[in-house]
Each structure stands twice: as structure tokens, then as C-alpha cells.
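Based on these hints, arrange chains B and C on the given structure of chain A.
Here the protein sequences line up with chains A, B and C, keeping their order. The opening residue of the first sequence carries number 1 in the working numbering; numbering runs sequentially from there. The opening residue of the second sequence carries number 1 in the working numbering; numbering runs sequentially from there. The opening residue of the third sequence carries number 1 in the working numbering; numbering runs sequentially from there.
It is possible that part of the hints are untrue.
Given that identical chains are not distinguished, each listed pair holds provided it fits within a single copy or across any two copies.
[Said to hold, decoys possible] Only pairs whose alpha carbons sit at most 16 Å apart, straight line, appear in this in silico EDC-like list of lysine to aspartate or glutamate: (1) K330 - E425; (2) K336 - D645; (3) K336 - E534; (4) K330 - D293; (5) K568 - D542.
None of these hints come from the bench; they were simulated from the model. Note that this is a predicted model, so its numbers are computed, not measured.
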Amino acid sequence: MTAPTSHRWLRWPTRPDEPRMAFGADYNPEQWPREVWAEDVAAMRGAGVNVVSVAIFSWARLQPAPDRFDFAWLDEVMDLMHVHDIAVDLATATASPPPWLTTLHPEVLPVSFEGHTVWPGARQHWRPTSPVFREHALRLVRAVAERYAEHPALAAWHVSNELGCHNVHDYSDDAARAFRTWLQARYGSVEALNHAWATSFWSQRYGAWEEVLPPRFAGHGSFINPTQRLDFQRFSSDALAEHLRAERDVLVAITPDVPVTTNFMVMGETRGMDYAAWAADVDFVSNDHYVQDGERPLDELSFSANLTGGIAGGRPWFLMEHSTSAVNWKSVNVPKRPGHLVRDSLTHVGHGADAVCYFQWRQSQGGAEKYHSAMLPHAGTGTALHRTVQELGVRLAALSPVVGSSRRPADIAIVFDWDSWWAAEGSGTPTQELRYRQEALDWYSACLDLGLRADVVPLAADLSGYALVVAPVLHVVPAALAERLEAYVAGGGHLVTTYFSGVVDEHDHVWLGGYPGALRDLLGLRIEEFGPLEPGTSVDLDNGTAGSVWADGVDLVDPAVEVRVRYKDGVHAGSPAVTRRPVGAGSASYVGTRLGASGVAPVLADLARDAGVVSELPEEARGAVELIRREREGEQYRFLVNRTDGYVELPAPAGEVIDGAAPASDRLVIAPREVVVVRSAD
Amino acid sequence: MTAPTSHRWLRWPTRPDEPRMAFGADYNPEQWPREVWAEDVAAMRGAGVNVVSVAIFSWARLQPAPDRFDFAWLDEVMDLMHVHDIAVDLATATASPPPWLTTLHPEVLPVSFEGHTVWPGARQHWRPTSPVFREHALRLVRAVAERYAEHPALAAWHVSNELGCHNVHDYSDDAARAFRTWLQARYGSVEALNHAWATSFWSQRYGAWEEVLPPRFAGHGSFINPTQRLDFQRFSSDALAEHLRAERDVLVAITPDVPVTTNFMVMGETRGMDYAAWAADVDFVSNDHYVQDGERPLDELSFSANLTGGIAGGRPWFLMEHSTSAVNWKSVNVPKRPGHLVRDSLTHVGHGADAVCYFQWRQSQGGAEKYHSAMLPHAGTGTALHRTVQELGVRLAALSPVVGSSRRPADIAIVFDWDSWWAAEGSGTPTQELRYRQEALDWYSACLDLGLRADVVPLAADLSGYALVVAPVLHVVPAALAERLEAYVAGGGHLVTTYFSGVVDEHDHVWLGGYPGALRDLLGLRIEEFGPLEPGTSVDLDNGTAGSVWADGVDLVDPAVEVRVRYKDGVHAGSPAVTRRPVGAGSASYVGTRLGASGVAPVLADLARDAGVVSELPEEARGAVELIRREREGEQYRFLVNRTDGYVELPAPAGEVIDGAAPASDRLVIAPREVVVVRSAD
Amino acid sequence: MTAPTSHRWLRWPTRPDEPRMAFGADYNPEQWPREVWAEDVAAMRGAGVNVVSVAIFSWARLQPAPDRFDFAWLDEVMDLMHVHDIAVDLATATASPPPWLTTLHPEVLPVSFEGHTVWPGARQHWRPTSPVFREHALRLVRAVAERYAEHPALAAWHVSNELGCHNVHDYSDDAARAFRTWLQARYGSVEALNHAWATSFWSQRYGAWEEVLPPRFAGHGSFINPTQRLDFQRFSSDALAEHLRAERDVLVAITPDVPVTTNFMVMGETRGMDYAAWAADVDFVSNDHYVQDGERPLDELSFSANLTGGIAGGRPWFLMEHSTSAVNWKSVNVPKRPGHLVRDSLTHVGHGADAVCYFQWRQSQGGAEKYHSAMLPHAGTGTALHRTVQELGVRLAALSPVVGSSRRPADIAIVFDWDSWWAAEGSGTPTQELRYRQEALDWYSACLDLGLRADVVPLAADLSGYALVVAPVLHVVPAALAERLEAYVAGGGHLVTTYFSGVVDEHDHVWLGGYPGALRDLLGLRIEEFGPLEPGTSVDLDNGTAGSVWADGVDLVDPAVEVRVRYKDGVHAGSPAVTRRPVGAGSASYVGTRLGASGVAPVLADLARDAGVVSELPEEARGAVELIRREREGEQYRFLVNRTDGYVELPAPAGEVIDGAAPASDRLVIAPREVVVVRSAD
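Next comes chain A alone, as it looks inside the complex:
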């Protein structure tokens, strides 16, 4: 597990030992005249804000020219925060370079896949691998760190911002050079690279490192070497992590006692950064999350928060950004409906967030995100939105007992793996309709529908404690992973995997002899050809549901394998669609088709029962309520989140309601979209 090794939380400047939920936002005072700052602080205090992230996009202001720094305004802001007991998560301010830098050094500008220069005008227009950019960025980090090392408001360092949001895939010559260095470290020799990349195909054999390039535009409709692409994805993620470490190292050298973080983006289809591998490089995990479009946005939020907790190793994490209402970057940006703001925030808290922060404090008057909601909207403090923010501040204060508690492990783990995400959705695969993250989310939604708690964990997590491990589309399975999974099952664990799993090794080379390659023996079956389905078509199953996207034709090899569901029609009518191979006290199950959340539910109910996993919720609440649990020694917290737009009634749980409406009798009634938090002895 690569979660933060040194877990150190925000260093509260005052009353450092008093537990409190962090509440606040990005604060960009440089967008406003100084007279507004006083209003800001007053309103922050009124809303219960106790932390702000400052200077994220202040490079141009802090360093207006190559050899001139201007810290006066930031000194004033820092002091103001300190005076009002608001902690500062201070950015290194390197997120977006100032115009003078890109004018002086256009060679820091990224280059797109097609070869276009990425010009200034938006943000984050820098090559992660540019030595010139690195030098300038670290110089600024050093200047900021030295300036504020001793400032009493300083609570944490915020490295850059949403690293990789726009610049994760850079195809420049700097990237080419760094890619080669990364490959040399990974493979040692050109020969090993040739093997890994299967360069005997299409005459791609390299004679020297200098010949290697990023997977640049190779013609419309061309299929680029898939391992070259996969390695470039790995490299691109690592290159950003290297930048993170470079800034962190400067900070640690100057302020060894101040924790360092950076905001991840565990959400939706943001996929370029393997955050599981980054977690070791921060003192605590931070995340930005915005509600995604889709059929089940609340499930996605819970899934992302859960996975963030998994990346954080079950320890608390920092919700650095989310939105109070509408965002501005979708095609259509609908405001949040009443109840959503609080429910969204508290669902994050349930999943381990000890901080509830937003982009941003005060809605901008100009610039690219002026239509993004904020804690303090254009319309001012006397608005429904701001009143809700104030109410949330009060509720978060009531949740201070929760602070510092950990995730209480569930019986079920859902495994999430960036390598499989990247490789399974590569080009030239059996189908471009496969959605790795959606498949995992479907299984998670089915858990929610059944009232089963599940932990979403990175692949490297210790799985041994889980009764049931679901690894959907676990496409990349190196030999060691296959052994790990075999050992898990041999130890009595119940493993579930799906179509297109176990197919390739770490080089994206197919395991031969029939699919699912590396997991074939464990699952006791064999597939000769993949079964992608045409878009819009589906196959009926004999349990009354239907499969889409994919339908494998499965041959059973081990006679002990039980068939749980069969195809009713299609080319594989009568053949197994869902199988389960008992292995001692454990089992290994295979799902050969995409079931979707509603189709997963009966299958999961079946497999969970056999794994001895039962719901922790009373029957009437299952599906309607998400139960989330945190714990510390001797104490635990249950978050009961009403997922519906109706009232939900259930037996009052043991313990004390510390947030939300307490039960009036032996029944607890949770209002639509509301959250109740219960504290009890362990």
C-alpha cells in the first residue's frame, strides 16, 4: 500500500489539539480591492470558516517580473487570517506561470498530441518535464517558503494545484527526453524495451534510446503501439509526481514541521494521474470533487469519496474543492437543488473527509470561472445559498468528534486499478464501448442498492481482511498479482471478477492459452474468443436481467464450477454467464457480461450471501439509505445518508445523534436528502 507513510494533518495555528472539522475554501483576495477583504473575513467568521487556501494562482502577483517579488499584499492577507483565527493552506503558487515567464521561455509551453503549442490564455500551460519551468517554479517555492515559514497562520503547504488537470499528457521534446530517461530506469536496456513494447510488430524495433518518442499523432485512424501508450500514461503520471516531490523537497527542507499536500482529482473520467501511487508523496491526501453528469451522480460522489479514503489508507483526508452549487465548465451548468449541498458535503465527511472546502470563497466578478458557484455568491450574503453555507458551518462544528477517526473496514472491497483503466480502454481493443470506471461504479451502486457497505481500494491495498473482493475488469494481471489473488482465495477469500480481466501482463502482452489468461485456472474456465456486443444490443439472461457491451462464451474447465446465471439468447444461449468456483472455504466468480447496476444487484446478493456478507442496515432502509462508518478506539460513527427524495423511517440506531434530526421515538425518520450522524461505543 502506498498511502501516505507519514500521515500528518493540518497544523492548526491556534488550539492545535482541539479537534475541529476544517471548513473553508480557496480564497483569492488578489481578485478584489483591499476594502473587500474585511467584508470577506467578517463573512467567513459568520459562516464558521476556519481554513482558506491562498495564493494558488498568485505567481504573476507574487513575482511580477523575473527578478522582483512582491509579498506585501500576501503578508497582509496572512496577517488578516491570523488575526481572525483562520488557518491558511498556503499554495506554492506555481500552478500557472505568469506571462513574463512564457514570453521569456516559450519552451515551457506544452505540446498537444497533434503537435499544437498549448498557448497561455487559460492555466497550467507548462511542461511537467521542462527543466526551465522546474527551475523557475522551485525558485518561487523557495521564496514563498522562506517568507512564510514562521507565519503563525500557516497550517499546511499546498503544492501547485490539480497537477495534471490540463498538462498531464505533453508531447514536447522535453517530454521525449524525460520519457526516455523513465524508460531507461524501467527497462535498463533497449532490448528489454523492445521486448516489452513488442516492437517486432510493425517494424518498430529500436536500436538506441534516442529513437524513442512519445506516442505522438501518427495519422488519422492509425493504431499506435499500445505498450508505448500505456508506458506514456504511466510516465506522464510519474512525471507529475516527480514535480510534486521536487516542490515538496524544497518545502520540507525549509519547514520540516509543516505538512505538505496537493489536491488530487479523484472524480469521474479524470484518469491521467495514478493517485494510488502519489499518496506516499504527501503528508495527507487532499481531493477535489465535482458532481458528475450521469444517471447516478450521488453514487459517483460516494464512490469517489470512498476511493479517496482508500487511497488515504483509511485515514482522514482533506476535501480541498467541491462546489456549493453550479459549476461553469459543463455544457449546461444546473445549480444544486435544496439539500444537495449539505448531503454532498457530509457524504464526503462520512467517507473520511475531515475538511469541507470549496472552490471558492467569493464568486469571481471576471475571468474564466465567474459563473462557478462559491460560498459567497454574486448576489451576496443575503441569499439562500449563503444561508445554507452558514448552516453547514454549524453542522460541521457539531461533527468535531468525528475528526481524526478512520474508515471502519467493510466486508466488501471493490478494487480500482489505473493500469487496468488505461489498458482496457486503449485503442484496438475488442470494443471501445467498455468503461472501466463505470463497471466498478455499477458494482458500487449495487452495493448501495442492497445496503451493503463496500470499501473502494487501490489494487495495492491489503485485501486479506475482506470477505468479498470485487475486481471488475481487472485487465492487467502480472504474474505476482495472479499469485496474490490465488492466495487470497486459498485463504478463504471470495473473489469476483468480470469480462476482459486477467487478459494481459504488465507489458500489455496477452496471457496465452485462452482467456482470462492469468486467472483462468483460478476461475476454472476458459474463453476462446472475446464477446463484444454491438452498441444498442443486449443478451437476455435466465435470471431475468440482461447483459450488454460484452458477452463471453465460457467453457467450464473445472467440473466444480457452479453456473449461477446463463444466457437465454444470443450466440451463447444456454452457456454460462456468471460462474462460481468454490476453492476450499473461498471461491472465485466470473461475470462474463456487463450487467449494469440493476443487473449486478441479484448476482451480488447471491455471491455476498455465499461469502457470508450481510447488510448492516435494517431491511426497510436498504437502498434508500447509504450507511457509512468511521471509527476510533472505543467509539464509532454511523453516517446515515438519505439517498432519496422521500422520508425514510428505520429503527432508531443505538447511540447518540450528533448531527441531523434525532429520533423522536424508537424510530428514526430521515428527511429527504438529509444526513444523520450517530455516535456510539464501538
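Positioned in the frame of chain A, the structure of chains B and C alone reads:
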């Protein structure tokens, strides 16, 4: 108002004082062997053609090499026209540079947003800001002007052609230089630029002018500074106008008595050129219009013609291009149906066109537009199409009394504003589904459906004479404009505006305190959050219609505000959707949702009634007939356009039918798609 | 006719005179360790494989550095093949350049339309016109040819691979230079070029050859000179053919007795290469075909195979690649269903393939096409797929008598022409919905539905022997072609053509005087305006079918013209939609709308009857069975292909069943998707 200050019409070479409707086309004799020219002139005479635009794309022919001019063929053509009493609108021939120029000076080629060179192969491949291009173009203009200054066929100068059709947005280094110059003139100091562009957002603060760039490609999915984009749109329009003035100044110096024009493109989604600002630079306004795809193409034609009239300050204008039948640049190019050719042309005349010209006289045999219809089609003179052209010539001759008359002002004005168009459809807005021009067109269509005449006018027009002013999505409202509108209402005017109006100032900075910012007090209401709707969804209204795209939640601030329509469902069910605030004898109304043409109709009927505006058409003709009115001292002209495919019968209007079928009794019957023009005393 | 002039077939190393069907695949041993090679050969023998194509993508392996060749491994492979009596179609290995070459000479990389460099990473990243690439490629060809000139396994030379698949349209400066040379050869003078390209339009007149460029990106929404585009398409095809000849000439000089081929791609929308013009440059025609998406994939396969036969002049050809099951380059790659593999292969054989080869022998473990099916799948030899391959080997052995026989000419010819394909689907045409190849395919499908045999032939083929010639959308008709068609009809032939035919000459100049220009007199009709229809709309016809895409309004000029079908509605209601002009014993028919396969059927039945063409199938088999015929002196072969998923029963044909289930009585029953081959005396 910026309409032409010096209004001077086409200088007819013969019988200059005899009023006549100009009728003709672009004429490109260089595409044909000389023997065809004689046929051409004979057929022109046969069709009543009296004007042609010549030499528009003749640069390569007139100047076959840098230091060689060849005017012989054009001399011959000019003489031929003169002999046959056909006036010539002579182009400066700079529309498209010859191959030798772009070979010698590839630095005149535009650069696309993504950084692609725009190569020769089509047309108009020149940077509006290239000093090299300018020098060569002006040299040609001078040569042409000197050659034909005294030619008796010369009736007007035609600067370039459809300026900006392909090259309005050039991202080259020349553009960058000129953009900086433009910004310096606009803002004076870098500090003022920083304020206007809100560069404190995302670390974009400039230290020097040299750092400023056009809004070039900044990465897929990036959001470029919106004011930078808006200013680049303004600059791009201005840069073309500057080119227009540069050519004009050469012409005026040589032939002070010859009027100068250039053909605008007021139509459809052509949006790059703020023609309201260009009008002052020509002696008379010319326009090109092609029928657009869409549900109500005839309404769009009328709207465009009407707006062209508005840009021309109500004075006559020159319809430089439209089509006799199919065009060639759509995905599917359907020919015009019987009746459409004449109705389209005469609708333009009703709205002020004293010229009816086409692209082009003779359909090309080769080249990119050979499938574009013409006055003389591939199939020759003996065709239905050419016979219709000949009939139109006869009808236009009958309309000569109309020539020179002005638009008779309507009671209703619909305001059209390029700044609002550009800003409201920028990126990062609440919804990308908003269509500025369509909203204005919807209100216009509702006027047509109700039989109400409306003038479409640019924002700078004098609105004081209008009883009712509709300013849909008037998004950009500088302080002075807000004052103008307040004064209009205070003076008894009735103002109607819609969602997303009054939101920003001239820098695209949001007016704070609640929407619709600058118009909040005037409208007596306040909106806390914008209400974009998901595509495909709508909200029902209590008047039986429905809103889409947007549905604001409106809080009434002034208790005097009347609620005319309320939402029946959706998040704002029961809240006001349409409001009206009486202000003395005037009023200010707000429509918080997109109603579409059919939904606007009842609301507009209601508001027009309260404004004392009534239809000038008998009830049975409303909706079926468009009434257009022109006037001169002591005389007026009514154009009655049958918008339907059926017969329309109405009481015979007072006056004399000068075109179309006269009434047989006291009833006038207008045939399907037909037009009747009535002259009467004022 | 440009079919191979020297037709020489594969030179079998052993028993050269024993006729045998070639059976095999691309074989890429360099992707596998040497120990796998022995397994490969054993399995090949087991499956009846007798030929493999080797070294197609081996450049990087054969020439690992500029001055180093490594033939050892290939020597071993060649010997291995020889020992096991497997013939080798040996590639020149130039298909894809090695990394060292593109590193040393980036100037060989193609440039896209937009100006993007096409980088290595996929394959075929070379400019067809690069002198540097040519030099290196020919050096390799020479080395390979000299090395294996005398090798006993060598059966044929395989030039490059799928020439033009990715690099047909290169816009580089090399391409510009070569394009100019090509144009000089075609036109002789700049003046002739100016005439042909109609450069008087839009000021495009050239003064010198140096000014001419490929039709590069000219701005979004721009319309590039159509003749420039058409000539660039012609040039691009010719440039590749020139490369083919350059490699061939090296080979012929070294091994005059070894036949040379290259694999064409007659399939689907692959359109860049005018294979009819290439056929003269190979000793035998080879083709690659992959089943296309679409409503009638089997018809498309038959059409492509048929056209390949036509290109081969009716002589046998070599099916170089097709797939045993799924491909990997579609969005969704569904495996073949049972029966499809054999039926697909044998349909090719029926249409003249004397070789049945696949991409590839052994499915790759890594690289861009590892999910492409092969003869030996990932799952190994003990799979249903491989067993089917083995069965096919047995069946092909039984078909050896067929080898060397020719296509037996049908009564109907369907003409296919690349010039018309390119020009009719150009930009700026009446509709972008027109699909040239689909129209031809519709007529072919109608033939299949009616049980009528048709030959698909290139335009240059001798048509005189056909009773009925269908030339759908024969758009480009130079004067000589018009004369040819007139002569055909005058000679008693029956010609059918459709909308948008006869419109332009070889320069894409419109024939004046009314459409269909060059064919107007022959057809006895005249069209004034084209009749494209809006997408999604159609017009009803009085024979109960409907037309879409296009509906011409036809005026009859010759009173002898018979109207076969009329429009029932639309703007041309009552007008002729299908006409037939008797001309002596012949006729010329016109179809003014797109009928689709089902709409073509009744019209074709009608016209075929009048042409005296009758089905060669018993009535019960028509539509259900495709009949294909091959012949040699004194002997003929009937292929009866069951197109359906049901059993088809018909009277047992005379002759001996040499493949497939023989008749049990006087009735022949063909199982679903099965094929029966019958030999009989002529």
C-alpha cells in the same frame, strides 16, 4: 447611430436622375471565352439587368505578376457594359490574393486557432493585419481606381468582398502585433488591461504589452480568459473595418464622387463582423443574404433584411448577393421552390433593398461554386429558372417608384447587439445551449405571427420613438446603457428583456448584488442563481406554454411588479416566469425562460397591448401576411407578402397596386407565396 | 483494360504443375521465440497451409542499422518453410521504416492535411514521394532480392504492404514537388493547368509551376478548388503506383522469373487507390478484404471480390488477407458466427480467388493488433476456430480443380469508376449524402436478390459483351466515354445510369446545356436543376417504392422515351423518375433518384427483362442463393452460396459436387450459410 453618414447611392452612368431598381449580379467574364460575353450582354438586356459587379476575384488576372498589370480584358468588359447601358459596381479585386503573392510572401497567410497555416486553394487567405498584404492590396486598388476613374460605366466601388467571411479570426504574429496596438488604444495602460481582463484570475497579470497574445489554442477543454476572447472578437471586426477604410481612402482620393461600398453578410450565424460599427465607413450599405436552414427560413430572411435596414439607418441599401435557387455550400443544397425566388427578392426590397443582385450572372462551369445557382443556369436561357428571372426583372421595373424611399418606423423595436451575441455565447457560461440570435429571431417571428411590424435595430439606434423595445438576452450592459434604458422607460417607453440580460459590463465583469445586475432595479426583481435547463427538458408555464434552455428563479423586489406568467412545475414552480414593472407611463418586463416563437406570441400580445401597440393588418391576414412599409414624403408603399402556401384574402387596401395582382373587388387575394405592393398617399 | 498484362501466378517451389488452392497467412516469426517456429510449421501442415507471406514488417529486424543487415533469422525461416514444403510470398519488407531511419531522416515522415507531422508509433509513416525514403527502400529491396533470389521456397515477391492504407494523401513539400511534376506531365503548360483547374474562379490563376501546392488546409469551412483536389487524388494514387513500380523494377532485374504482386484493398470505403490503374503493374492481382459494417456485409464482400476479379481481368487472383474471425480496428469487433468463416472464404474463391490467406497465422501476443483474430488464436490449436481452419484446409484441397479457371462472364456488368467516386463525393456538390460505392452496391444487391449474376468491372473494361450495363452515378464522363457508351447502345446494348451521371468532363467541368450533360442526348431527356433531398426525407414512387437522397425533375426531350416509374409526391409529382429510351435494339435508361437495394429490384427486373437477361437460378433459389460461375475450356464450376440462415432446397444441378454436401436425390439441400461447388462440362 453609426449608419452611413454620407449616404450616397449608386451613381447611374445614364439618366442618373431616373429612379430605377438595381437588378443584376456578380459578373465574372474572365471565367468564359470572349465569345460568350456577347451572349451574356444580350441575355442581361433581355432580363432587365442594369448593374453588374465586376472583377471581384480578378486580382490574378489583372496583375498576373508582381510588376505586370493586364487591364485590356477588363477595359473591354467595361466598354461592353457601357455600350449596353449596364452600370458597373467595380471591385477593387483584392478579395483573394494571386498565387504569386502567397508564394512570394507566405507570411500573408492566416493562422488558425490551432496554429495551422491557412493555405491557398480556396479564397480570402490573407491576414487582415498583414502590412505586406496591405501594401500589395492598396497598390492594386490604386491601379484599378486610376484606370477606371473616368470610365462611364463606373457606378460604384466595391471594396474587396465579404470581408471576414473566412479570415475574420487570424491568430498569426501579425494579428498579435495589431491586437496589442488595438488594446493600447483601448486601455492606455497595461494596468487598465489587467483590470479589464481580470488577469488576477489564474495568474494572467501582464507586465508589458509584449506579453499579450491572441486567444490561441490553450489545450483541449481549456477555458480561455473570456475578456481576452471578447476583445479579440472586437479587435478582429475592427481590423477588417480598418482594411475597408484603407481601401476606401485610396478610392476617395482618386474618385471623390464615386460612392464606395462593400458587401456585408447579415445572415444566419455569421457573427464575426459588427456591421453596426462598419456602416459609417461606406457610402451605402450592401448586404449578401442566403436562405438559411432552420424551421422558419422566411422569417430569418425578413429578420436579416430588416436588421440590414436598421444598420443602414432606415435608408435604402443594396442587396449585393442572394441566390436564384440552390447554393452549393450546405450539406444538402435543395433548389428553391416555385415562388420563392420572387418572394425572397421582394421581401428584401420591402425592407429597403433598392438593388436585387445575385451571385452570380452565369453559373460557373468549373471551380468550387459551379453547383451554385445563378441568373443564367448551366441549362441556359430556356429554363424555368431563367424565365422567372426575366419576370422578376419586369416586376422590379414596376417598383421603380419605391426607389429611394425609407423604412417607415414601426412601433416595436427589436434590439440587436454584437457584444451581447459574442459574450452570451462565450465559453464557461451557465449554458452552451443559449442562442442569442435565435432568441431575437423568435421574438421577430412572434411579431410576424401576430401581424405586428417590428424594426430590428442595432443597439446604438435611437429607441425613443418606439412604443415597445424588445432587447432579448441583452447580456452586456455598460453603465451608460443601463442609464439609457432607464431613461427610455422613464420617458414612457415599454422595455422587454429576457434571461441572462444585464449581467455584465463592457469588460464582461459581472454586476454584483444579484442578477440581472445592471437592470435589476429597473425590472424590480432579483435572481440569486441562474437557471439553465438540461437539454431536452422544459418547464410548463401557467399560460399553457413551456420554457426551455433556461428558467430563472425570480424574486420580486419592487411590490409593484406584476406577474404575467408563472412556472407550473420544475424547481421554481409557482414563481414568476414573466414579470412587468410599471414605471410611470412606461414599463420594464422580464422573461426568465426561453419561450420559442410560439411561446413568445401570447406574452408579446399581452405586453404589446399594454404598450398600446396594435396590428396594422386586418385580423384575417395576421400571421399569414407580412406587412412591410416604406415611405417618402407624401407617399408610402405597403408590401404584403404571403408567407403561406395558400391563398390569403383581405380587404383591399387603400391605394394603387404597383406590383402583383390588383384586387378584383373590395377584397384583395394574394396567391400563395406572392407579394403585392401598394402605393398610397401618406 | 489495364489488368495485368503478363499474368503470372505464384511459382510453386515443388510440383509446380500440380494445381492447388493456395492456403495460408501472413507469418511473422520475428514476433516469437525460435522454439515456437517448429510448433508453427507443424500446425501449418496440420491445417493444410501451403503458403505464407513473410517479412512484411521486418525492415527493423533485417536492417537493424543503416549499414548492417541481419538475414540469419530469415534464412532460417525460409529454410524451415522449404523443408516443410510451404511456399513463401516474400515481402520486400519496406512497408514500415525502422526507427533509425525516421530518426536520421525525419523528412520522410508524411504531413497531414492540417500540417501535422505523422510521427512513428503506428506504421506506414513514409512519404510516397520522398527521394530519401525511396533510396533506402530500394536499397533494402535489392538486398532482400539478392539474398533470396535463388531460395527454393521463394514463390513470389510481395511489394511493401497495403500501399496507401495510411499514407495515400501526404501534403508535404516532397508531395508538392512531385505533384507539380505530375501536373507538368499531365498538362504540359501552366496555361493548360489554369484551364483545367478553372483558376479564373477566385483569383487562382497560376503564373508558374512553382506556385502550385497540394490542396492543404485552407481554413475551416473553406471550399478548395475541386479539380485541384481531384487531380491530387489521381496524383496520390499514381505516386504510390510509381513506388510499386520502382520496387518491382528492382525485383525484376534480379529475379526476372519470380512473379511480383502487392496486396490491394478493394473493400468498403477504401478509396484512395485506383486499383484498376495499378493492375498492369503486378504479375497477379492480390487483395485484402475485411468484412465491413453495414446492412448487407455479405453483399459487400461479394461485390468487392467480384470487383477484384474485374480488376484482374477475370483471371484468378490472390486473396492475401482476410480474417478468420474478429478484427481489432472497428469500434466494436464482433467475432464471426459459425459458418461465416468458410462462406466468406469460398465466396472469394467463387469470384476468382485461387488463394485463401489471412492476416495472420498466429495471433500476436503484443502490439497494436493483438486482438485481431488469426488462424491460430491465443487460445491455441484446440479451439473451435482452429478446427474450422483445418476443415477449410480440407475443403480447399478439394477445390484444386477450380484453380486457374476464369470468371464466366455474366450478362450484366456494373461499372465502377474511381474518378466518379472521387468527384461525385467532392465538396461543394449538390449533396454530401451521396455515396457512390453504396449506389453501385445497391444495384449489385438487387442483382443478388433477383438471382441475376453480374460482373463488377472497372470503367475501362470491354463492355461490348454485356447485354445490360449498369453505370450508377457515372459522374465523370469525358467526351470519349460518352462516345463509347453511345456506341455500346447503338450496338444493341442496354445501358442504365442514374442521377448525377454525365455531369462533368475529366476536368470536373460541367457539360453545359442541361444535365446529364454528356449523356443527355443518349438518354433523351434534360434536367434543369439537380434534385437533392433533405436527409430523412423521401419521395413516393408510383410503383410502390420510394426514392431518397436525390430526385431529379426530368423533362423528356425525345418523344420515344418511355416512362417506367413516376414520382407520386414531392415537387416533381407526376414527373418521370425512371425512363428508358429505346435506341435500335438497345436502350438507354435513367434513374433519377436513389432507390436503395429493395427499390432497385423491381426497376432492374423490368429493365433486365427488356434486355433479355434472365436468372440462371431456379426460382426457389433466387435471392436465397448466390450463384457464381468460373470456367475453363470444356469445364465449368458453379458456386452456390446460401446467403441465408435457413436451409435452401433446389433441383440438383447437373454435374458433380466437388465441395459441400452432395444432393441425396434430385434435390439439392444447402445448409444455412453453406456453399456447394459443382463441376460440369461447359
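Within, between, both or neither: K336, E534 at alpha-carbon 16 Å:
between (36 Å within a copy, 13 Å between copies)
When no copy is specified for K330 and D293, does a C-alpha distance of 16 Å or less occur within a copy, between copies, both, or neither?
Classified as within; 9 Å inside a copy, 27 Å across copies.
Alpha-carbon proximity context of K568 and D542, limit 16 Å:
within (5 Å within a copy, 44 Å between copies)
For K336 vs D645, is the C-alpha pair at or below 16 Å within one copy, between two copies, both, or neither?
Within one copy only: 14 Å inside a chain, 48 Å across chains, cut-off 16 Å.
Identical-chain pair category, K330 with E425, by Cα at 16 Å
Only across copies: K330 and E425 sit 14 Å apart there, 23 Å inside one copy, limit 16 Å.
Checked against the numbered hints given earlier, the structure satisfies every one of them.
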